[in-house]
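These are the residues of each chain, in order.
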Amino acid sequence: MRTDLAIIEQWIQSGSHVLDLGCGDGTLLDYLQREKQASGFGLEINPDHITTCMARGVAVIEQNLDTQGLQNFEDQSFDVVLMTQALQAVRRPDRVLDEMLRLGREGIVTFPNFAYWRLRWYLMRRGRMPESEALPYRWYNTPNIHLCTFKDFEALCHRKNIRIKNRTVVDGQHQDRWLSRLWPNMLGQIAIYRITRQED
Amino acid sequence: MPESLPPDSVGLVTPQTIAFEEPLTLACGQTLGRYDLVVETYGTLNADASNAVLICHALSGHHHAAGYHSPEDRKPGWWDSCIGPGKPIDTNRFFVVSLNNLGGCNGSTGPMSINPDTGRPYGPDFPVITVADWVHSQARLADHLGITQWAAVVGGSLGGMQALQWSLTYPDRLRHAVVIASTPRLTAQNIAFNEVARKAITSDPDFHNGRYHDYGTLPRRGLMLARMVGHITYLSDASMGEKFGRELRDQAFKFGYDVEFQVESYLQYQGERFSESFDANTYLLMTRALDYFDPAYDFDNNLSEALKQARCEFLVLSFSTDWRFTPARSEELVNAMIAARCKVSYAEIDAPWGHDAFLIPTPRYTDAFGAYMSRVAREVNA
Numbered sequence: 001m002r003t004d005l006a007i008i009e010q011w012i013q014s015g016s017h018v019l020d021l022g023c024g025d026g027t028l029l030d031y032l033q034r035e036k037q038a039s040g041f042g043l044e045i046n047p048d049h050i051t052t053c054m055a056r057g058v059a060v061i062e063q064n065l066d067t068q069g070l071q072n073f074e075d076q077s078f079d080v081v082l083m084t085q086a087l088q089a090v091r092r093p094d095r096v097l098d099e100m101l102r103l104g105r106e107g108i109v110t111f112p113n114f115a116y117w118r119l120r121w122y123l124m125r126r127g128r129m130p131e132s133e134a135l136p137y138r139w140y141n142t143p144n145i146h147l148c149t150f151k152d153f154e155a156l157c158h159r160k161n162i163r164i165k166n167r168t169v170v171d172g173q174h175q176d177r178w179l180s181r182l183w184p185n186m187l188g189q190i191a192i193y194r195i196t197r198q199e200d
Numbered sequence: 001m002p003e004s005l006p007p008d009s010v011g012l013v014t015p016q017t018i019a020f021e022e023p024l025t026l027a028c029g030q031t032l033g034r035y036d037l038v039v040e041t042y043g044t045l046n047a048d049a050s051n052a053v054l055i056c057h058a059l060s061g062h063h064h065a066a067g068y069h070s071p072e073d074r075k076p077g078w079w080d081s082c083i084g085p086g087k088p089i090d091t092n093r094f095f096v097v098s099l100n101n102l103g104g105c106n107g108s109t110g111p112m113s114i115n116p117d118t119g120r121p122y123g124p125d126f127p128v129i130t131v132a133d134w135v136h137s138q139a140r141l142a143d144h145l146g147i148t149q150w151a152a153v154v155g156g157s158l159g160g161m162q163a164l165q166w167s168l169t170y171p172d173r174l175r176h177a178v179v180i181a182s183t184p185r186l187t188a189q190n191i192a193f194n195e196v197a198r199k200a201i202t203s204d205p206d207f208h209n210g211r212y213h214d215y216g217t218l219p220r221r222g223l224m225l226a227r228m229v230g231h232i233t234y235l236s237d238a239s240m241g242e243k244f245g246r247e248l249r250d251q252a253f254k255f256g257y258d259v260e261f262q263v264e265s266y267l268q269y270q271g272e273r274f275s276e277s278f279d280a281n282t283y284l285l286m287t288r289a290l291d292y293f294d295p296a297y298d299f300d301n302n303l304s305e306a307l308k309q310a311r312c313e314f315l316v317l318s319f320s321t322d323w324r325f326t327p328a329r330s331e332e333l334v335n336a337m338i339a340a341r342c343k344v345s346y347a348e349i350d351a352p353w354g355h356d357a358f359l360i361p362t363p364r365y366t367d368a369f370g371a372y373m374s375r376v377a378r379e380v381n382a
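Chains A and B, in that order, give the protein sequences.
Under the working numbering, the first residue of the first sequence is numbered 1, with each subsequent residue one higher.
Under the working numbering, the first residue of the second sequence is numbered 1, with each subsequent residue one higher.
Same shape as in the complex, but just chain B:
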């Protein structure tokens, strides 16, 4: 953490674990008898509980979206650029709820949790979770917090899919859905990248069919490869070029196959760090949730028919250099919303950072996002 807290930070925050004892039936047909969700909140819930905003995280995200856990933290939460006093999601006005989703590996019930039937970690036996399952569990979280209707449900990437799913599954329980750098469903190319990541993990000899904990090991190499390939899809050619170019770690070629280019070194570092901190089974689960997401599926593949259930208003934002979920995918979503007569606003933000741009506070992005959220706040008298 910096010497002193930045004035636009939510400051020191403490996560809490909330236990849910009512069984949750999942899309796959299995039932979770009980589960925990780890949650952080920022700001204050107003008297009529109308100023609550739900933050949905992306593939490797978690509940720690803003502020610091301890004065020793080097970095704040993953979306600190957009959540805090005076930021687009203004904690002076909103009560912000951020959770680690079911199946995660940051404290909420997931593959690393103990399976009550066996007394051992679930591991590969943890059920496959869908975006709709997450939304159901988040609705129970809202009940627990006394929130009947969110002022907004907000998310980027996989988080945007959850915001979209909310508008269809619980149309009366949110006023606004903010869908950033997302897509109404993955393309074959998106699924292909996910499959490479999964194969990297499952083919690691240390994976042991997902029972690596029983063997006292971790599929580090597989997870590292998965993260490396994923990471490439989060950046743009231009941003990688600017950051690394063809720069070498040493002066000259070594005519070997060890790490020589800076970009190799960077990817390897990112991959190694990730493989120490993230659970491989959770990575498989999250990528599958991405693959399966397709709200149009139950409506004859007609997205605008699906969207006719929505009652909230939408903000959709895309980024010019995002090639994972391109602006065209956001436009597909927006066009379906227009056809369904949803109230929607859309902007394509010019930013060089590829998919990761949704985490980076470019002026136009935070201006537009903040303008929209300020109007949401006015609407609920926050």
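With the rest of the complex left out, here is chain A:
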């Protein structure tokens, strides 16, 4: 299992009702169902991913966050709402965060850090929009329309009164390295945030 998913898994209690926004092929939900007796749904728009979810017994709903929103889900109807590597690809990440915490007691978000030193170096040296293994697109065809840095994200949370319960920073291979803990906004590639609006 990918390290980021292993980290997320630790933050989810047994028997949780989970909503996974952009659940992909359902790997995480499948794991949570089997190992943590979790229930819930994944939302996805890729037909092949949807078929894979169905084959492995993950409840998947074809629903587009940008065009259909999340109005069909009731307030506080989930323990956890997840979104891995999709925040940067939605039209309004700020509204999606609000919706996540309307639906769930807790949210877990992962996204790539645009202030990672290699990207800074790329931009400084070449003066062109960075491309990397993690961001393999041109500026005009990238689905990642709202890239941000860890600092940007935390500033947004602060402005929205969203409390960050945990933050883990990993590198491109999803390994937790001491260097990226030392100076996350410079040395971390991907962050996993656990957020809430509730007091403990």
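A few of these clues could be false.
No farther apart than 30 Å at their CA atoms in a straight line, the calculated lysine-lysine pairs in the DSS-like style are these [as the list claims (entries may be wrong)]:
1) Lys254(B) <-> Lys243(B)
2) Lys343(B) <-> Lys36(A)
3) Lys151(A) <-> Lys165(A)
4) Lys243(B) <-> Lys199(B)
5) Lys75(B) <-> Lys243(B)
6) Lys36(A) <-> Lys308(B)
Note that these hints are calculated values from the structure, not bench results.
Please arrange chain B on chain A, whose structure you already have, making use of the hints.
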């Protein structure tokens, strides 16, 4: 039938008639003292009877869902695209049961059957049947076949309504309900189309208040019109456009009112063929069953309250160009299931064929359907 049997066909099949002698009380208050159901089965029931799948048919459907009745048959059963070895409902793994519903005209007890009280065909006296009545009769069929719990109950359109009703009426007797191109209840527009169809039939002078058999005639014109208007609602504007466009049968306009456009000719052909093979009273009954279906009705019109009775898992599929039961209607159902905390998967299949798309094997449709069913099979060790 083709020269030789296709390898993914269930092959030659023979329907059987099963008699039920225990009276069945219907939603309308009347009781059927006894009744027959005509049934076909494909595949083999496993030792613990856990691999059975029930196929529920739509408005003009019947028991012959897959395979061929004789080597001379031109066409296989109506859902042959989805039932057979290696197909989404894989007969190498599942034992598939398909029946003609009560009130039908393909051999099960219906308006054409003899009324034991009078010795004459029931005709218009045959009681109005509801989706719930069908489900009760299907449960008795399951008892007869030794099936305590279906691996899945599957249906498209009106068949999907039966699958949904199963999940509410007999929650412990199915593991999965597959609801395809269906709706939790008809809209005013849907009912309006049904009413046009019924009026076409009942206003045919040959209808004789449903006693046409006594007069040695059939309301062919009415039934033809009913089918023509129905058929339009099964197709999409785009698929009709692609199939017929504005093509004429001959080169030029004739400045008259006979059939000139290909689409007119097609509809008329479909209508005529249907009017020879389908019973008008059954058509009235089936459309009424559609109109009445509304599982939320007994729950203050709250569909998710109704769905809280369900214990099975659901697969809901809709088709992008279906304007009879639009994807929005399936989403309404899915959202109620989400609110009721049912386990549900949903996909909207992009297909140009309108409502009829549920009968046509587009790759994404059969992939998703097959993926879901393969997992059902794994679950019951089929």
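Hints, one by one, checked against the model:
| no. | hint | in the structure |
| --- | --- | --- |
| 1 | Lys254(B) <-> Lys243(B) | holds, 22 Å |
| 2 | Lys343(B) <-> Lys36(A) | holds, 17 Å |
| 3 | Lys151(A) <-> Lys165(A) | holds, 16 Å |
| 4 | Lys243(B) <-> Lys199(B) | holds, 29 Å |
| 5 | Lys75(B) <-> Lys243(B) | holds, 20 Å |
| 6 | Lys36(A) <-> Lys308(B) | holds, 24 Å |
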